Amino acid sequence: MSAPAAELDAAAEGRREVAPDRLAEARRLWALTWTLAVTDWRLRFYGSVLGVLWTLVRPFAFFGVILFVFTEIAGLDKDVHNYAIYILFALVLFTFFSEVTSNSVGSLVARESLLRKMRFHPIVIPLSVAVTALLNLAMTFVAVLVFSVIFGVWPTWRWVELPLLIAAMTALALGVGMLLSALYVRYRDVQPIWDVALQMLFYASSVLYVAFPTVPDEYRDYFLCNPIAALFAQMRRMVVDPHAPSVFFLMGWRVAIPGAIIVGLFALGLWFFVRESPRVAENL
Amino acid sequence: MSGAVLAKSEQRGLRLAPEPPAVEIDHVSKTFRLPRQRYSTLKERALHPLRAMQYDELHALNDVHVSIAPGEFFGIVGRNGSGKSTLLKILAGIYRADAGRVAVHGRLSPFIELGVGFNPDLAARDNIVINAVMMGLSRREAKARTEAVIEFAELQEFAELKLKNYSSGMAVRLGFATAIQVDADVLLVDEVLAVGDAGFQQKCFEEFTRLKAAGKTVVFVTHDMHATERFCDRAMLIERGDVLRIGEPREIARAYNELNFGRLVHGAPDSARYGDQRACEILDAWFERDGRRTSEVAQHERVAMAFRVRFHERVAEPVFGFSLRNDVGHTFFATTTEQRAMRTGTFEPGEDVTVRIEVDGVMSPTRYELSPSVARAGTGADTLDLREDLASLHVHGTVVTGGLVDLPHEFEIVRG
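Protein chains in written order, with the numbering used here: chain A, 1 to 284; chain B, 1001 to 1416.
In case anyone wonders, no lab produced these hints; they're calculated from the structure. This structure is a prediction, so every number in the text was calculated from the model and none was measured.
Result set (EDC-like, lysine to aspartate or glutamate): computed pairs, CA atoms no more than 20 Å apart in a straight line:
| # | chain 1 | residue 1 | chain 2 | residue 2 |
| --- | --- | --- | --- | --- |
| 1 | B | Lys1212 | B | Asp1183 |
| 2 | B | Lys1043 | A | Asp195 |
| 3 | B | Lys1143 | A | Asp40 |
| 4 | B | Lys1164 | A | Asp40 |
| 5 | B | Lys1162 | A | Asp40 |
| 6 | B | Lys1212 | B | Asp1233 |
| 7 | B | Lys1162 | B | Asp1126 |
| 8 | B | Lys1143 | B | Asp1126 |
| 9 | B | Lys1043 | A | Asp189 |
| 10 | B | Lys1212 | B | Asp1224 |
| 11 | A | Lys78 | A | Asp241 |
Computed beta-carbon distance windows for the label pairs:
| # | chain 1 | residue 1 | chain 2 | residue 2 | range |
| --- | --- | --- | --- | --- | --- |
| 12 | B | Ala1103 | A | Ser277 | 17 to 25 Å |
| 13 | B | Glu1151 | A | Ile193 | 45 to 53 Å |
| 14 | A | Tyr219 | B | Lys1143 | 53 to 61 Å |
| 15 | A | Ser113 | B | Ala1214 | 27 to 35 Å |
| 16 | A | Ala197 | B | Thr1209 | 52 to 60 Å |
| 17 | A | Ser113 | B | Thr1335 | 50 to 58 Å |
| 18 | B | Val1359 | A | Asp21 | 56 to 64 Å |
| 19 | B | Ala1214 | A | Ser277 | 31 to 39 Å |
| 20 | A | Cys225 | B | Ile1180 | 51 to 59 Å |
| 21 | B | Lys1143 | A | Trp253 | 50 to 58 Å |
| 22 | A | Met139 | B | Glu1154 | 32 to 40 Å |
| 23 | A | Tyr219 | B | Ala1103 | 53 to 61 Å |
Cβ atoms here follow ideal geometry from the backbone N, Cα and C, with glycine treated the same way.
Given the sequences, and given the hints that come with them, work out the whole structure.
Given below as structure tokens:
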């Protein structure tokens, strides 16, 4: 199976107690994550005629309804430049967040057979959930781009900030996802709690309206402490309306609060997950 | 044969003396805490914050201590729930030991079962890549080796078939073929040979032989005593988390069978019994090896069977008989004193008699049940006492020919 030289190496390595090769471990971690993510992505709409195109249906159907209700009935689009494209972006990004977090919740339990039969760091599982969601997001973005152009919003150089925004969103979602998935192993209540929490977050996160000027001044600072709302405010300036105020302008130094929440939740999720991971397989 | 094995392992011991053991299991214990209430909810915790969670403790492993030399084929045998798979999972790093230490020197295969990550909705080809990546190959290596795997598994015609349309045997073949692609010095293998047809099993055996020749260390969990005796250099028997014995595979196989079948017989309810037992009754029946009672023998060993009768009335020329059934219920062998035209004599009330016969070891490896009988002289149909399946014997060995008996024979090949 391996050359004699390789065997010698292995023996030498053996004498140094167990010396795991960090790089090889990291490579395996990524190979596993990617394989699980792609497999999951391919299988999600397995057997359906439209296949992966169904990923687009949910946000866009929702988009159509919302656009009609909030522009024609509620009139929220007053004073908001490119309102339609704003809610389209916000919807797609929020769908991404909710997909990562809610799919993470039960992910460890769902992958029980893997966790119990193979040695690998369980972090692969929430990571692969995030990667699958990123693949979906990439798909959706193609369609979003087409819509933007139809509505007259052309990409500008400001869009280069978009990956940064998505990275922040991913960090937040992943932090929450790791926390929830590890908690779910102990407490099955996490699932219904998170369903409700997501719903609340949806309405609290300015998906359907904008932080400025729709949200009253006296609440706006508190409102923007929600990192998702803050990211959306920034997204609005970046993507749909360069004249909209930036989140830095709106919050001043307090912009550190949503920033710290993102970093904090990611760190908390990672810490808790790593703390729980050695015993995850037996607690399932 | 046992001498040869011993010599071989001594030799290995000498040759590898300066090397550290491949696997050290140092006084490992593991206890599972099983909460009485399976699903703990926050509500419950909130309502009863002061009530301590109640657990049942399950001692899965107690102070297991063994070290396995590089290049050794080490078998772990035990009954269901004995803790053998838990031990393997601790070795693999999937579970964590509560006490003690496990050290593995060299690269360890990260899986303990075949076909981890197989997905029924994907084609065999895709599953190979997934499985190989799980086992530590890179995606590129996995793709490069796919053809070799398919070829080894002899599944060329089915490579594009979805796994859900595979038979379980085919899936195992695919799993095994992928598993041997992994580059590891220490392989952990849990129950590989449970499925698969005879031809493929043979291939697995060849692969094991090759691994052995390549000096790989293999830790092998199994129920299969044939495989244990055939491949293992040493084996360990565990029962309820305790190591009962570590030693030569043959001896371990014997102990395992004793544990299994010995207990089975003692716990069995009374089997069918015929005759009124007024004139005499059969007290006991058993098998013997070298003059001692046993419930198992190795293939080709001479075995005796015996039973003990107590007479309550005077009986002249009773007919003593033995009948032996195999595991599928075929009467494999039967004999009576009458058929052998043997005079048995006259027995008085209160007299105890032991009847014994000895046979050559021609029984093929499986389980046998002994039914002793006593009948009145004459037709032999007037049964005084007949007890079905009173004793059982497990014949174990390494060569399953598929035949019911191993008749002594010589081959002769004549040309022309």
